[in-house]
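Protein chains: 2
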Amino acid sequence: MYVIAVYDVNTKRVAKMLKLSRRYLNWIQNSVFEGNITPVKLKEYKIKARKIMNEDEDSLIIFQSRHEDWLEKEIIGIDKNPLDIIL
Amino acid sequence: MYVIAVYDVNTKRVAKMLKLSRRYLNWIQNSVFEGNITPVKLKEYKIKARKIMNEDEDSLIIFQSRHEDWLEKEIIGIDKNPLDIIL
Numbered sequence: 001m002y003v004i005a006v007y008d009v010n011t012k013r014v015a016k017m018l019k020l021s022r023r024y025l026n027w028i029q030n031s032v033f034e035g036n037i038t039p040v041k042l043k044e045y046k047i048k049a050r051k052i053m054n055e056d057e058d059s060l061i062i063f064q065s066r067h068e069d070w071l072e073k074e075i076i077g078i079d080k081n082p083l084d085i086i087l
Numbered sequence: 001m002y003v004i005a006v007y008d009v010n011t012k013r014v015a016k017m018l019k020l021s022r023r024y025l026n027w028i029q030n031s032v033f034e035g036n037i038t039p040v041k042l043k044e045y046k047i048k049a050r051k052i053m054n055e056d057e058d059s060l061i062i063f064q065s066r067h068e069d070w071l072e073k074e075i076i077g078i079d080k081n082p083l084d085i086i087l
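Heads up: the sequence lines are chains A and B, in that order. Counting in our numbering, the final residue of the first sequence is number 87, and the numbers go up one at a time with none missing. Counting in our numbering, the final residue of the second sequence is number 87, and the numbers go up one at a time with none missing.
Keep in mind that the hints were calculated from the coordinates and are not lab data. Quick caveat: nothing in here was measured; it's all calculated off a predicted structure. Don't take every hint at face value.
Said to hold, decoys possible - Below, a sample of chain B positions facing chain A; criterion: calculated Cβ distance under 8 Å:
id, residue
1, L20
2, N30
3, V32
4, N36
5, M53
6, D58
7, W70
8, I75
Even for Gly, the Cβ is constructed at its ideal location relative to N, Cα and C.
Sequences and hints are given; from them, build the entire structure.
Put into structure tokens, the structure is as follows:
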């Protein structure tokens, strides 16, 4: 499935969330990640994210779409992660 | 159509982008917005965003899905904009 993940966590936890998220998804901008991921790997990501987060203060929102082509992506301005064009 | 918009703009322009984005979509977290919007209104939003942005430095990414139910949304931790539950 195709996922967009956005998090808003206390600055003390940003580095850990960034490191974790990079292992499962592609960074595209700020605290925004996207990518294709299996249900098992997504579950793993959420479990590990919960261990990092303070759920009374932090927020992780995950948008899931069963098919990548159900989502059109348009970039206005610069692409902060042009790398993903090469993949 | 259903849209998720995320922007990463120079701090000088954040306030203007926030104000503009709030007129077209629902704020959910950081610089992340979502909502149902007509093609005409989306076009209007993009034109106005371009006038605010420096496209050599800033980035606005828009994910479009023809149907809201093609996207599942899951929140882990707190919902930074509980208002949208009341809408």
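Structure-based check of each hint:
no.: 1; hint: L20; result: 13 Å, violated
no.: 2; hint: N30; result: 5 Å, holds
no.: 3; hint: V32; result: 5 Å, holds
no.: 4; hint: N36; result: 14 Å, violated
no.: 5; hint: M53; result: 5 Å, holds
no.: 6; hint: D58; result: 5 Å, holds
no.: 7; hint: W70; result: 4 Å, holds
no.: 8; hint: I75; result: 5 Å, holds
Taken one by one, the earlier hints fail for this structure at numbers 1, 4, listed in ascending order.
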